[in-house]
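Trainee: Chain by chain, the residues:
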Amino acid sequence: MVLENFRRGLEVTGLGMGLVFLTLVVIMLAIYLLNRILRDRSAEWAAPLVDAAGATEEAVPTSADEVAAIAVAIALQKQQEQEGGDYDEEVVGEVVMVASIEPGTGAWRGHGRLRAMQ
Amino acid sequence: MVLENFRRGLEVTGLGMGLVFLTLVVIMLAIYLLNRILRDRSAEWAAPLVDAAGATEEAVPTSADEVAAIAVAIALQKQQEQEGGDYDEEVVGEVVMVASIEPGTGAWRGHGRLRAMQ
Amino acid sequence: MVLENFRRGLEVTGLGMGLVFLTLVVIMLAIYLLNRILRDRSAEWAAPLVDAAGATEEAVPTSADEVAAIAVAIALQKQQEQEGGDYDEEVVGEVVMVASIEPGTGAWRGHGRLRAMQ
Amino acid sequence: MEPLALERLLIGFSGLTWQRLVMMGVGGILIWLAIKREYEPLLLLPIGVGCILANIPGTGMLEEGGLLKVLYDAGIENELFPSLVFVGIGAMTDFGPLLENPKYVLLGAAAQFGIFGTLLIATLLKFDINQAASIGIIGAADGPTSIFVASVLAPDLVGPITVAAYSYMSLVPIIQPPVMKLLTTRKERLIRMPYTLRPVSRATRILFPIVVTLCCSLIAPKAAALIGMLMFGNLVREAGVVERINQAAQNEIANIVTTFLGITIGSTMVADRFLRWQTILIIVMGLVAFVLDTAAGVLFGKLMSLLSGGKVNPLLGGCGISAFPMSARVVQKIGHDEDYGNFLLMHAMASNTSGQIASVVAGGVVLALLA
Amino acid sequence: MEPLALERLLIGFSGLTWQRLVMMGVGGILIWLAIKREYEPLLLLPIGVGCILANIPGTGMLEEGGLLKVLYDAGIENELFPSLVFVGIGAMTDFGPLLENPKYVLLGAAAQFGIFGTLLIATLLKFDINQAASIGIIGAADGPTSIFVASVLAPDLVGPITVAAYSYMSLVPIIQPPVMKLLTTRKERLIRMPYTLRPVSRATRILFPIVVTLCCSLIAPKAAALIGMLMFGNLVREAGVVERINQAAQNEIANIVTTFLGITIGSTMVADRFLRWQTILIIVMGLVAFVLDTAAGVLFGKLMSLLSGGKVNPLLGGCGISAFPMSARVVQKIGHDEDYGNFLLMHAMASNTSGQIASVVAGGVVLALLA
Amino acid sequence: MEPLALERLLIGFSGLTWQRLVMMGVGGILIWLAIKREYEPLLLLPIGVGCILANIPGTGMLEEGGLLKVLYDAGIENELFPSLVFVGIGAMTDFGPLLENPKYVLLGAAAQFGIFGTLLIATLLKFDINQAASIGIIGAADGPTSIFVASVLAPDLVGPITVAAYSYMSLVPIIQPPVMKLLTTRKERLIRMPYTLRPVSRATRILFPIVVTLCCSLIAPKAAALIGMLMFGNLVREAGVVERINQAAQNEIANIVTTFLGITIGSTMVADRFLRWQTILIIVMGLVAFVLDTAAGVLFGKLMSLLSGGKVNPLLGGCGISAFPMSARVVQKIGHDEDYGNFLLMHAMASNTSGQIASVVAGGVVLALLA
Ligand code: NA
Ligand code: NA
Ligand code: NA
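Protein chains in written order, with my numbering: chain A, 1 to 118; chain B, 1 to 118; chain C, 1 to 118; chain D, 1 to 371; chain E, 1 to 371; chain F, 1 to 371.
Please keep in mind that the hints were generated in silico from the structure rather than gathered at the bench. Honestly, I wouldn't trust all of these hints.
Unchecked claim - Distance condition first, Cα-Cα at most 30 Å in a straight line; then the derived DSSO-like pairs of lysine-lysine:
#1 K36(E) <-> K103(E)
#2 K69(D) <-> K69(F)
#3 K69(F) <-> K69(E)
#4 K69(E) <-> K69(D)
#5 K36(D) <-> K181(D)
#6 K333(F) <-> K187(F)
Stated by the list, open to error - Between beta-carbon pairs, the in silico distance windows are:
#7 W32(F) <-> M1(C): 49 to 57 Å
#8 L33(B) <-> K311(D): 19 to 27 Å
#9 L21(F) <-> L22(C): 19 to 27 Å
#10 V25(A) <-> L21(F): 50 to 58 Å
Glycine is no exception: its CB is placed at the ideal position from the N, C-alpha and C atoms.
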């Protein structure tokens, strides 16, 4: 019984590792293909615009802008403080993230949500 | 069969549109009635006060102002203390997180919630 | 039947109150014991550190202070722009809302969460 | 390894008929519409994913105990998901404009004619009466109502009907304007409607959802679950003392249910049920339903305009459907384009929210007559 | 249209008995209490809505596959909802004051006498033993415990019992003071209790919920689900390393479950089960239970005061019930009104939180003895 | 009171065997590991609580209608919970590094050898083939996959397997380094891999989850539920137009499910199923699986290094497992410790995320071959 199980296990191992490699090789090739085909067409899939309801799920630009502006100000001040320190990409990325301020429960935002559920 | 279905459909349409109109006419009359009866009594249903637990679910402006004021004070003090001190990367990261100020898990607020569920 | 139920009720009352007191006396003794044993060892169970992913779920006070400070600055500037005009509650309201910024989808924070679920 | 196991291993490929491939393509198109065109992405994206997953052979996800079957039984079969979505919609809807102008309630009733008109046409296209009614219900312009009714009367058609309903709701800004313009004269469209804010007491706002629940449920008891949940949500919104439930309805519950609703509806779109001529007919009929809705609403608007001595702009009738707030905005835009000083929005909102209620009532009535 | 269909169409009106109308009125009153008087609005408002919906004829919502039946089966029948609510309560409760003053644990035990005293009276009023126990459990002053016990011992009475429990919890500031004053002398009420903060180690806070779970569950295994979830919530709170679960327990889970708990409880209040003399007796008995709780607690407080040589203010006994933190605040207020320098709050909190635990134990014991 | 009732009353003590006490101790240890050592606290703490509750005698929580049984049936039996957790993981995972460096996909495949190697060893230890496969799946280094597979092939072993999987995932920073160092030369570890940011188009990011779903599901249909949900989560993340679902997946759904997943898994750890020699073997085999994963990955990394002319650092192979991002960080640290100028993190991330996908595929393949 043990040997029978082991024999079965060998089959499972062979077929299993084979299938895992097969699947991932296919995925690898698919990524290469996607990267090749879609490199130039990325502009076509532009970032989502403000939707028809005038409401986005994301931050409200105005307030976000304000906050972002402030964030930049802080970042710049810090940079000065650090006297030309290693001011890297990270900072920019984080400034962007400030935008995820929740706009509150304003009416139009509510409508934006609402519309998506009816 | 088609005609039978169509005949049935006509019945459904007649009864259906009739009932829809009936329902909405009743609702319309009810609203007129409510508006007439309740116009003068609106003061009676005053806005909900801060509940007995001393906690509201909404944001409490006053405390926010206070917190903001305190924050400014802290920020200013920090600036003075540091005077070009070791402001490290981490701080930038925290600017992003700023936002996660929870209106507080203060004890009384918790009790306000709690009371409602026992 | 009523008397039979009442008799049964007396049994339930006696046993019931007895068991309730028994349980709570045991709990009381357990707390005394815990307090005695663990008073000196409290340092050992230190507060949880920032986790390996560098992300905490709690708010980061420092950053909150900074944002709050900024918010106040905005509010003040707006007030000045309006030249003592109708500076109404709304502005304050917005200051409050700054607090609801989501910490973002920062990569490492995400990883912190992620790690906990795999 | 026995041959059986090998065969089972290849089920993914051996079972891959062209029909399933087509359906995966349909799923892909829905995802594309959701992301690229932003057509109701919260619904169409999960529907697309569900459609793709449901058409992969041999996954067992649609069988007893499988993930998609579990979700279907948990939320569609018993109509839990549409009901819960309505709690969220109710909590997000401000019926204030309707309370200020109760007469526009009638416009919502008129615009439900699309449901019944389409039902009639569908019977002529050889659909049986229950199927025809389910197709007509696309004219409710309301996702949960469509799912609710179709899952009772014609479970096999839930997929295409839901997809049609959500798609045309996204297309309201394209479908409605030509119909509205065709049926109105320029003079009618120029009718200005001054808006005076009439304060509505808090008591009215609180009693409104209760009254609506009672009226609708007594006349159309089968609508009670939907209208009850819609109005429960609205009561929670207006009560002001249950902010935790209000937030839960608008956020936690709405988000979680929406996620699973889409996937589950998508999973009903299996090849052998979806790839029929019927489906194309349903898609076409859905468009007819939206057009008839708009037409009936506008014509009724003209009647009201006539009776009121020209004080009502007939365009308002066109937005008596459930697609909120897109339809109200369409009316505002058309009026505004003709005359920069014409602001119909608040009136249109009243008409539009009445369409929300009327569509649920219509769904309940259809169920009462046929279920 | 066949006559059958027409009859079915009018079921909303033909089935509308006066009893159902009365029940809708009861639902309306509960909503009014929730909004206008703010009596436990998070529970009473949904209960009111559920009550109205359940009494509309012909909706099918209480039948197999209907919305309210689905919710009932999903959460009350199997006692899932009360258990989950307890996770949230545990996560929101700070047992610190109790850990600082363990002796007040006994006050929580004494105040459970209301359960058993009421049970005895109820048997004399011709309720059978299980019904009597379910009515007595109103004296637990604890919604989930009442639902948990009553849904096992007397499912028909879940509605009135739950409504009574939540209503009287809201009325604690009105019910308790006269009883407390009647049973204490002014001299007793003037007893000051200085509060010295005794630091409780983190290890104690973490071990406390585990120890309580073990003690309670071993002595009263039927209480394991409730006490286990209550203490799981508290462990999650004190552990400090599972903030996501802590937040989920206090927010997502608590809000979602609370929403459905109320509607579902309300849906059990159908006319033929609710409109009996029994119901009025239950409402009255509930008041008796709260009064007996308070009286037994205060009398036990007097005993402790005696034994401690006058160092314990007997008022503390009155807040050994589960209604937290209202009851503790009542005691603080009474003490403070008599003597502006008397601050009993922290001691009262200890007594009050012990009432939380004791009430669950009592519920488990009742189930163990009778289920 | 009849003797029967008294006996039932004491069931808590009379049923308290030493085995149950030991299991409560095990639960306590898990809670201690969660809080004190912070080993996957979000999972191990609830598991510990579930373990304690499940071993208290006479609670009825594991019987039909009991809380733990209800949760088990609702989420583990039908594999709903693991699937839903994957939606959250997908929404939290950035596959960007993998899309920039597709060749590292192969490292994820190689590191799955631990699953099969352990399976082979387990068969020699007299486990039957299904049990052996379930034990091997600990090597997926992936909680939900382990639960998913084990609950089908060997439901009795779900408890120890899940605990082993989560525990060793926490121990990755301790288990992997010695294996990695043992199998690589210092020269190999010093290989620097410059990282150049290659922009990945939004279209690629959006199509990636769909393509992965199709590839994996067609080859291993049994993996469709898991991979489908993982990739649904990722699509939701990348789509950018369904932020509500994205947030729900990462927060509401993830938190709620995680809470119950742990308790439910813990509840399978009852004394008579857990206290066997088998359990100890499973714990040991789990460690073997992690070691074999790492070894196979590193060896394959050496092969890639050889074939690429020394441009690939073999350490990358070691993080081709699902334990993300701990494993990637281990590789970064080892490389960095040897050479302060060596930054392997982004490459390691690619390898690590490919391990995420590969582990699910492996789970599906195992199910396809044995279920
Ligand atoms: Na609607
Ligand atoms: Na309690
Ligand atoms: Na994984």
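Trainee: Going through the numbered hints above, which ones does this structure break? Give me the numbers in ascending order.
Mentor: Hint check: 1 fails alone, others pass.
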